[in-house]
Amino acid sequence: MSVERMLPTLEADDLIGLVRDIAERELRPRAAAAEEAGEYPRDLVRMLGRVGLLGLPYEEVYGGGAQPYEVYLQVLEELAERWATVALTVSVHSLSCWPLATHGTLEQRKRWLPDLIGGDLLGAYCLSEPQAGSDAAAITTRAARDADGYVLTGTKAWITHGGIADFYTVFARTSDNGSHGISCFLVPADTPGLSYGAPEKKMGLTGSPTTILNLDGARVPLERRIGREGDGFGMALEALNSGRLGIAAIATGLGQAALAAAVEYAREREQFGKPIIDHQGLGFLLADMAAAVESARALYIVAARRRDAAQPFRHQASVAKLVATDNAMRVTTDAVQVLGGAGYTRDHPVERYFREAKVMQIFEGTNQIQRLVISRMLRSGER
Amino acid sequence: MKIVTLVKHVPDATADRTFTADNTTDRAGVDGLLSELDEYAVEEALKVGDAGTDVEIIALTMGPGGAEAAVKKALQMGADSAVHVVDDSLHGSDALATAQVLAAAVTKIGDVDLVLTGMASTDGGMSVVPAMIAEYLGLAHVGFVGELTVSDTAVTARRDDDAASETIEAALPAVVSVTDQINEPRYPSFKGIMAAKKKPVETWTLADLGVDSGAVGLDAALCVVREVTKRPERSAGSVVTDEGDGGTKLAEFLAAQKLI
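From first to last, the protein sequence lines are chains V and D. Residue numbers for the first sequence follow full-length UniProt numbering, beginning at 1 and rising by one. Residue numbers for the second sequence follow full-length UniProt numbering, beginning at 1 and rising by one.
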């Protein structure tokens with residue numbers, strides 16, 4: 001059952017049609033086996049790049065798709081419905097291009113952005129450190145200035161695409177001036193001094209590697225600093241506002257997949273002489289799941305429309321991320337319940353959805369951080 | 001080099017197939033799309049261009065309103081322009097009339113070097129139209145091609161069957177139908193989708209082609225569909241439980257079916 005969407009343009013209709021076609025034919029059939037084996041589908045990601053899906057929200061002049069967030073996020077949702085790891089790849093890649101696209105000089109953008117969003121390259125976003133997660137301003141990775149540029153030393157943690165990315169958008173400390181002492185660097189993967197930890201043994205999203213990134217005296221030329229010295233933390237938070245919307249959309253897609261699997265099962269499976277969906281206890285559970293998925297979708301679309309209209313959207317982004325990911329956790333949990341014993345086995349995808357949903361409540365700002373953002377905005381009256 | 005690819009708009013093969021009162025395909029009630037087998041022809045045309053030949057690719061379709069969805073996909077994949085032959089008189093046309101109309105359209109397009117088609121449509125599945133078009137046009141025809149090389153003056157085509165492969169050369173212009181083994185059709189890119197909106201699509205009627213409307217359509221069809229019956233539901237199979245004699249029971253079953 002594909003989701004009925006009201007898209008703003010005919011080209012967006014065609015884009016969603018294309019994405020569905022690719023997702024059904026290429027992503028869905030491979031997802032379960034690749035997640036089980038821990039195999040990253042680099043070939044599929046290259047294909048998505050050729051099709052133009054790795055630069056959708058960026059300007060046409062650099063080779064992007066110039067799509068509003070309202071459309072880009074629905075593309076992410078469609079991908080996530082078939083394979084969350086691949087949707088996350090697109091979201092993280094887009095996030096890692098964001099500082100250059102938004103804060104790079106014209107010269108920097110002309111030089112690097114077409115390659116970054118052109119589809120062949122894969123990016124990673126490096127903010128967290130082992131001791132600096134929610135408290136991101138506590139990072140200690142150092143970017144020491146010397147005559148030619150900077151020398152980066154430190155450890156970044158939880159790097160999606162660690163070891164397989166072609167470039168790393170790295171936040172590092174250029175002074176001890178707290179959150180004002182952080183700067184952003186665009187670091188190519190072949191820079192000497194970069195090394196990676198073993199992939200984390202994760203509960204879900206096992207199809208893509210998450211690693212430590214060690215920077216051991218990695219030299220980065222001055223021209224690869226994005227924005228001014230000290231502006232990095234603001235850029236990181238701004239990027240995360242948009243990134244959170246990506247996670248909200250991916251969580252919605254995951255919830256949609258779980259709902260679809262649960263409904264299909266509940267219509268076929270019979271107990272006490274009738275399909276279990278006709279037992280009110282299950283029927284109402286499924287109704288609540290549908291309501292949870294649809295409200296998540298409505299929230300991220302509202303936030304995206306505000307972003308597209310250049311209105312403040314930080315509050316709405318946090319609300320969308322919080323609700324969409326909490327709902328995804330609940331919906332995937334209930335999907336396992338609907339399938340009963342079958343749902344607890346790896347013969348059905350819902351146990352995987354359940355494992356994949358958990359991290360959505362954690363990354364790109366834990367849901368406790370989202371509540372902090374929302375409550376502080378309520379306190380200050382900021383909109 | 002001017003290449004015409006024939007593209008057909010067909011009902012989605014995954015949906016239930018239904019027929020109207022005159023035993024023609026019901027197109028109103030189902031989603032339509034580009035016949036998947038025609039995507040291989042479009043891809044092969046694009047590959048000729050990718051290989052360095054300067055090509056102009058025209059996607060040609062015949063069908064009622066809505067059939068332009070098929071040419072749209074071809075344009076999104078990279079064809080340069082499209083022609084849609086649409087005329088109420090065409091309703092119910094058989095393969096012969098279809099070939100006659102498409103041949104007339106190829107003639108009207110003019111100076112065509114190569115006509116590329118899928119090996120069959122996914123709805124009718126007759127595989128005869130390409131050969132018929134070649135006959136109408138007086139051109140060489142090579143069908144069911146699994147590998148194709150195109151030079152300025154000729155095509156070299158490999159055709160595979162169960163027993164052997166044969167390589168055939170034909171002088172251009174020619175009509176070639178390709179199998180689903182010949183390539184892997186590309187997905188349109190998002191840029192291709194955007195560009196397709198600006199590509200020219202011409203709509204021609206039978207009058208534009210100089211084809212007599214009395215010679216086509218249901219009444220003129222030599223091939224008449226008398227009756228359509230839904231394929232019977234598959235009956236439940238028999239289950240062989242292995243109680244130490246599973247092999248014997250299987251052999252008995254196969255022997256009873258006269259399979260061994």
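Hints are computed from structural coordinates only; laboratory data are not their basis. Fair warning: there could be bad hints in the mix.
To be verified - Here are the simulated SDA-like cross-link-like pairs (lysine to any residue), alpha carbons at most 20 Å apart as the crow flies:
(1) 202(V) - 190(V)
(2) 198(D) - 163(V)
(3) 191(D) - 201(V)
(4) 47(D) - 50(V)
(5) 197(D) - 44(V)
(6) 197(D) - 9(V)
(7) 191(D) - 81(D)
(8) 2(D) - 65(D)
(9) 197(D) - 7(V)
(10) 358(V) - 369(V)
(11) 191(D) - 163(V)
(12) 230(D) - 24(D)
(13) 110(V) - 44(V)
(14) 191(D) - 50(V)
(15) 230(D) - 36(D)
(16) 201(V) - 163(V)
(17) 197(D) - 369(V)
(18) 191(D) - 9(V)
(19) 47(D) - 230(D)
(20) 191(D) - 358(V)
(21) 191(D) - 60(V)
(22) 191(D) - 366(V)
(23) 202(V) - 366(V)
(24) 191(D) - 66(V)
(25) 191(D) - 44(V)
Stated by the list, open to error - Reference excerpt, derived from the structure (chain V facing chain D, CB under 7 Å, subset only):
(26) 14
(27) 51
(28) 61
(29) 65
Just so it is clear, CB atoms sit at the ideal spot from N, CA and C, and this is done for glycine as well.
Restraint status (C-alpha distance of residue 230(D) to residue 24(D) at most 20 Å): 14 Å, holds
Proposed proximity, residue 36(D) with residue 230(D) (alpha carbon, max 20 Å): 23 Å, violated
Hint status (Cβ of residue 65(V) to nearest Cβ of chain D, threshold 7 Å): Result: holds, 5 Å to nearest chain D Cβ.
Restraint status (C-alpha distance of residue 197(D) to residue 44(V) at most 20 Å): The given pair, whose Cα atoms are some 27 Å apart, is violated under the 20 Å limit.
Pair hint residue 47(D) and residue 230(D), alpha-carbon separation not exceeding 20 Å: Roughly 40 Å between the alpha carbons, so the hint for residue 47(D) and residue 230(D) is violated.
20 Å limit on alpha-carbon distance, applied to hinted pair residue 198(D) and residue 163(V): 42 Å, violated
Satisfaction of hint between residue 9(V) and residue 191(D), Cα-Cα up to 20 Å: Satisfied, since the Cα-Cα distance of roughly 15 Å is no more than 20 Å.
20 Å limit on alpha-carbon distance, applied to hinted pair residue 110(V) and residue 44(V): 27 Å, violated
Given hint residue 163(V) paired with residue 191(D) - CA-CA distance at most 20 Å: 30 Å, violated
Holds or violated: residue 201(V) to residue 163(V), with C-alpha atoms at most 20 Å apart: Given that 20 Å is the threshold and the Cα spacing comes to 15 Å, the pair holds.
Restraint check for residue 191(D) with residue 66(V), where alpha carbons must lie at most 20 Å apart: 11 Å, holds
Interface hint outcome for residue 14(V) [beta carbon to chain D under 7 Å]: 5 Å, holds
In this structure, the hints that do not hold are numbers 1, 2, 3, 5, 8, 11, 13, 15, 17, 19, 20, 22 and 28, in rising order.
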